[in-house]
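> For reference, the chains in residue letters:
There are 2 protein chains.
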Amino acid sequence: MKFQDASIDEINKIMQEAWDAFQQFKDTPLSVRAALMRAIAKGLDAAGDALIQTAMQETNLPEGRLRNERARTMFQLTSYADACEAGEWLEARIDTAVPEKGDPDLRKMQVAVGPVVVFGASNFPFAYSTAGGDTATALAAGCPVIVKGHPAHAGTSQIVADIISAAVAEAGLPKGVFAHVHGAGFETGKALVTHPYTRAVGFTGSYGGGKALFDWANQRKTPIPVFAEMGSINPVFLFPDKLKESAKELAAQLAGSITLGTGQFCTNPGLILGVEGPELELFIKELAAAIEKINPSTMLHPGIAKAYGEKRGKALAQADVETVAVAAAAPAENQGVPTIASASAAVFLKNPVLHQEVFGPYSLVIRCKNVQEMYEAALHLEGQLTASLMATDQELTQYTGLVGTIQEMCGRIILNGVPTGVRVALSMQHGGPFPATTDCRFTSVGADGIKRFVRPLSFQSWSEHLLPQALRNSNPLHIWRTVNNKVTKDAI
Amino acid sequence: MKFQDASIDEINKIMQEAWDAFQQFKDTPLSVRAALMRAIAKGLDAAGDALIQTAMQETNLPEGRLRNERARTMFQLTSYADACEAGEWLEARIDTAVPEKGDPDLRKMQVAVGPVVVFGASNFPFAYSTAGGDTATALAAGCPVIVKGHPAHAGTSQIVADIISAAVAEAGLPKGVFAHVHGAGFETGKALVTHPYTRAVGFTGSYGGGKALFDWANQRKTPIPVFAEMGSINPVFLFPDKLKESAKELAAQLAGSITLGTGQFCTNPGLILGVEGPELELFIKELAAAIEKINPSTMLHPGIAKAYGEKRGKALAQADVETVAVAAAAPAENQGVPTIASASAAVFLKNPVLHQEVFGPYSLVIRCKNVQEMYEAALHLEGQLTASLMATDQELTQYTGLVGTIQEMCGRIILNGVPTGVRVALSMQHGGPFPATTDCRFTSVGADGIKRFVRPLSFQSWSEHLLPQALRNSNPLHIWRTVNNKVTKDAI
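Residue numbers (our numbering), protein chains in the order written: chain V, 1 to 492; chain Z, 1001 to 1492.
No lab work stands behind these hints: they were computed from the structure. Here the structure is a predicted model, which means the values were calculated and not measured. A portion of the hints provided could be inaccurate.
[Said to hold, decoys possible] Derived lysine to aspartate or glutamate pairs resembling EDC-like cross-links, with alpha carbons at most 20 Å apart:
1) Lys211/V with Asp1439/Z
2) Lys486/V with Asp1490/Z
3) Lys1486/Z with Asp82/V
4) Lys489/V with Glu1088/Z
5) Lys211/V with Asp1215/Z
6) Lys451/V with Glu1088/Z
7) Lys1489/Z with Asp490/V
8) Lys1221/Z with Glu382/V
9) Lys1486/Z with Asp490/V
10) Lys1489/Z with Glu88/V
11) Lys1486/Z with Glu88/V
12) Lys1221/Z with Asp439/V
13) Lys1451/Z with Asp439/V
14) Lys451/V with Asp1439/Z
15) Lys1211/Z with Asp439/V
16) Lys486/V with Glu1085/Z
17) Lys350/V with Glu276/V
[Said to hold, decoys possible] Counterexamples of contact, computed for chain V against chain Z with all Cβ distances above 12 Å:
18) Asn12
19) Leu66
20) Pro302
Where is the CB? At the ideal position from N, CA and C, for every residue including glycine.
Could you put the whole structure together from the sequences, leaning on the hints where they help?
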C-alpha cells in the first residue's frame, strides 16, 4: 500500500488538535481511559483475519506468530487498563498540615505530560507499533498519542489507527486524542519531535534513528524526553561449571533463541562468552550442528535482509574471526541465514566492530582464556537490554565481581534462561543502559511504562472538593496512597 | 579562604576511587546507608558555632537563618534516612512463575546508578550544598557522591565535606563514597560531568550554568541525566473576587515573600498578575508601602549583588515599565534594594526581558484588562517551580481553562499562600517544567529525590537465596512490595 507523507501543515494541524484534546483528556477519569484501552483491544480482535492477512503481506511474518502477537497486544492493552485503574502509578502522597510547625497541607500525584509521539517498531507490527506498548501506556497516563506509522507496514498501521480512532469517537472523547501520520522520510519524524506541543517521544528501532530523535529533542528550546530502544547484543555468559554440567542442553536452548523470529527480536542473544576447554568445544560443536539444521527464513523487509547480509559479512570478514556454522539450506531472496562465528577474547577486546549488533539470526561465540578474561570482556561491553548467566549458584557466589559488572550493564539479568521471551508484567524492566535505550530509568514493557509519560504535581493548601479524586480525603478511587509517610488505602 | 582548583589528574583519581567504592556501596544494607546519613547530621550539629561563623562570614546570611538552615539540613538527612530504610523507593515488584503459560519468575527493584556529581547552591550553604538534598538522596540510593564546593562558600563546604568524610570512615565504608573538590572555573565542573564514571549530576544555580551541564551530559558518548534547578519567577495570580476580599492582606503577605532572604530563594514570587481596577490599585499601594519600609540587606556575595543591580536596572529601564516602589533606606555596598515594578499585560506579552528572573528582592506586577488577558499571559509563561493562585473556590471552578494552564506550567501549585517555604516532605514536588529545571519528572526536595539516582533492574529466574533482600520470598526488610499485582508486605 502507498500512503502520502504528512505535510508540515498537516502535522501542525494534528498537533494543535492533540494539544486541544489534551486539555480535556488529561482530566478524564481513569475508568474512561481504561474503557478506551479495552475497546481498542476488542477492535483489534474484531478486525479478524483481514488484519492478519495485511500484516502477513507487509512483514513476511508467519500467521501463527502474528496471531500470537495480536493476542499479546490485546493483553497489553487490557492489563495496562487494569493497572491504569488500580492507580498505583499515580504515586499519590499526602502530608496533612502541621500548623504548629507552619507546614501547609501538601498533596502530590502524577499527571500527564502532554502529547506523545510514537514511532513503532518494524519487527512488532502490533505489539510495539500503532496500538502497542507506547500508545497503551501514554493513553493510560492521559496523554494524546500521535503515531508515525512504520513505512514497512503502513497498511497494517492504518487499519490499527482506524480501530483506535473509532474507539476514541465511540468513547465520546475528542478526535485529537489519537492521530496517525505516514512518513517514509526523516522530515516527518523531525517535524513531530521538534513540534512545540510534543511533550515526549517513544521509539523502537535502530541506534541511528533513536539517537537522531534524542539529539533533536535535547536541542529544542524546551527539551523533551525520548524513550528510544535502539538495539542490544544481549550477551550470554557461560560459566565453567554450568557448561560442564549441560553443554548440550545450553547449545540447543541458545540455537533456538538466536534464530527465534529469524533473529529479529531485540532480545536475541548476539554474543556468547565461555571459557576455553573441551566443554566449550562441545558446546560450539552442538550449537553449530543445531544451527546448520535450521532453515533460513524471510526477513521483515528487503532493507532488513540487506542490512543483515552486510553486517554479517562485515563481522565474518574481521581478522581472526572464524565462521563456525552456517545453515545448510541455501537462502532464498530476502532470507536471513542462521550463522555462528567465533573469536578469542583478545580479538574481541581489540575490535569494536565485533561489539555491534548484527540484527538477524547471528551470534558470536567468544573464547576466553579463563573467567578473569571473561570479566575483562564484560567490563568492555556497552549497555544492554538483557544479560544472561548460565551458572551454578556456587559460581554466582564465587564470581561476585563479574556478576556485579553484568548487573551494571543491563536492565534484565537472567539466570539459566534465554533472553528472548519478554514477559508482560509489572516486574519487567525492558530498557537498559545507553546505547541499549536512551533512558534506562524507564521500561517500555509492563505497566510501569506509564511512568514515562507523567510528571509529579504538588497541590498546596488546595480546597478538598477541588482536588483531583486521587488526592481527596475520602479516597474515592480506593487506591494505595502514602499518607503522612504511611502506605494505606484508608480515608483521611 | 583560598583553595586550589582540582587538577584533571586529581579528578581522575577521585572518580576512580568513587567507581571502586560504588562496587561495594551499592550493595550495602539500607540500615548502613541510613546510619551514615544520621551520622552526618550529628556531625553537622557537633560542628557547633564554628560552622555557623564560617558560613556567616562567607555568605552574609544572618545567624538565625543559618542555624535554621542547618537544622533543616539535619532533618533532611534523618528523614531521608528513614525513607531509605522504609524502602518504598525500591519499588519492589514480584511476579511469580506461571509455568503453564511459560512465564518465568520475574522480580524488579531500583538499584543505584553510580557516582553522582553535585554542584551546590550558593543560596543554601547547608541545605542545598555539600551535605544537602542531592548528597543525602544519592547516598540513600547507594551512589558515591562527588561534590564540587561552591566557590562562594568554599570554607563552609570544606568543613562540611570533612564531616561527611569522617562519617564515611567511621562507618567503615570505602573512602571513595564521598569526595569534595574545589573549582572556581568551569573546567573542573566540565571534567566531572564528562568523566566516564559519572552517572548523574545534581545542580542548583543559574540557567546558563545548568544548561551548560545539561548539554555536556547529553553530548557524552554515553549521555547521563542532569537534574538542574535553574530559576523561576514563581507567578502569583490574583483573581478578582479574592483580591476584592483581601487586597491588604495579600499585599502584606507578598511583601514578606518577595523580600524573604533578600529575595534569594528559588521560590520568591517575581511576577504578580491581577485585573485592573480599584482593588488592584489598593493592592499595589499597600504592597508599595510595605516594600518601602523594608530595609535593604546584604546579598550572598558581590557577584550576586552586582547581577541583581544589573538585571533590576535592565527591567526597570524597559519601555512602559513603571517603578512602583523602592525601599526608602539607601542600600549599602552589596545590598539588595527591595523593588516593585509594574507594567500592562500588553507590554509584558511583547517583551521577553520582563519574563526573566531578577534574582533578588524584586517583583513585577502585571495589570491585566480582564481575566481573559491574565489567561493569555499565563499561556506565554515558561516553566516554573511554583505558581500561586489567590482565588476563591468559586473562581477556581469558574476559570478552569486558566487554572489548567497554570497547572501545566509548574511543579507545585499553591492556593491562597505564598511560594516561599518549601516543606520537606514526601508530597513535595520541587522541580518544574523546563527551564525551571532540566527534568520536571523528579524532585530535589523530599525523599522522592532518591528516585533521581536509581534505575530498575529485573532479575529473571534468579536463585532465591542470591536475590537482593528486597526481593526475597520472606520479605526480610518488611517493605511494601507489589506481588502478582497486589500491594502487600506479606511474604511469598
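> Does each hint hold? Answer for all of them.
Hint check results:
1. Lys211/V with Asp1439/Z: holds, 19 Å
2. Lys486/V with Asp1490/Z: Satisfied, since the Cα-Cα distance of roughly 16 Å is no more than 20 Å.
3. Lys1486/Z with Asp82/V: holds, 12 Å
4. Lys489/V with Glu1088/Z: Holds. Lys489/V to Glu1088/Z sits at ~15 Å (cutoff 20 Å).
5. Lys211/V with Asp1215/Z: Distance ~15 Å between Lys211/V and Asp1215/Z Cα, so the pair holds.
6. Lys451/V with Glu1088/Z: Holds, because 16 Å separates the two Cα atoms, which is no more than 20 Å.
7. Lys1489/Z with Asp490/V: holds, 16 Å
8. Lys1221/Z with Glu382/V: holds, 11 Å
9. Lys1486/Z with Asp490/V: holds, 16 Å
10. Lys1489/Z with Glu88/V: Roughly 15 Å separates the two Cα atoms, so the pair holds.
11. Lys1486/Z with Glu88/V: holds, 10 Å
12. Lys1221/Z with Asp439/V: holds, 14 Å
13. Lys1451/Z with Asp439/V: Since the Cα atoms of Lys1451/Z and Asp439/V sit roughly 14 Å apart, the hinted pair holds (cutoff 20 Å).
14. Lys451/V with Asp1439/Z: Holds. Lys451/V to Asp1439/Z sits at ~14 Å (cutoff 20 Å).
15. Lys1211/Z with Asp439/V: holds, 19 Å
16. Lys486/V with Glu1085/Z: holds, 13 Å
17. Lys350/V with Glu276/V: holds, 19 Å
18. Asn12: The claim stands: Asn12/V keeps its Cβ more than 12 Å from every Cβ of chain Z (closest is about 17 Å).
19. Leu66: holds, 19 Å
20. Pro302: holds, 32 Å
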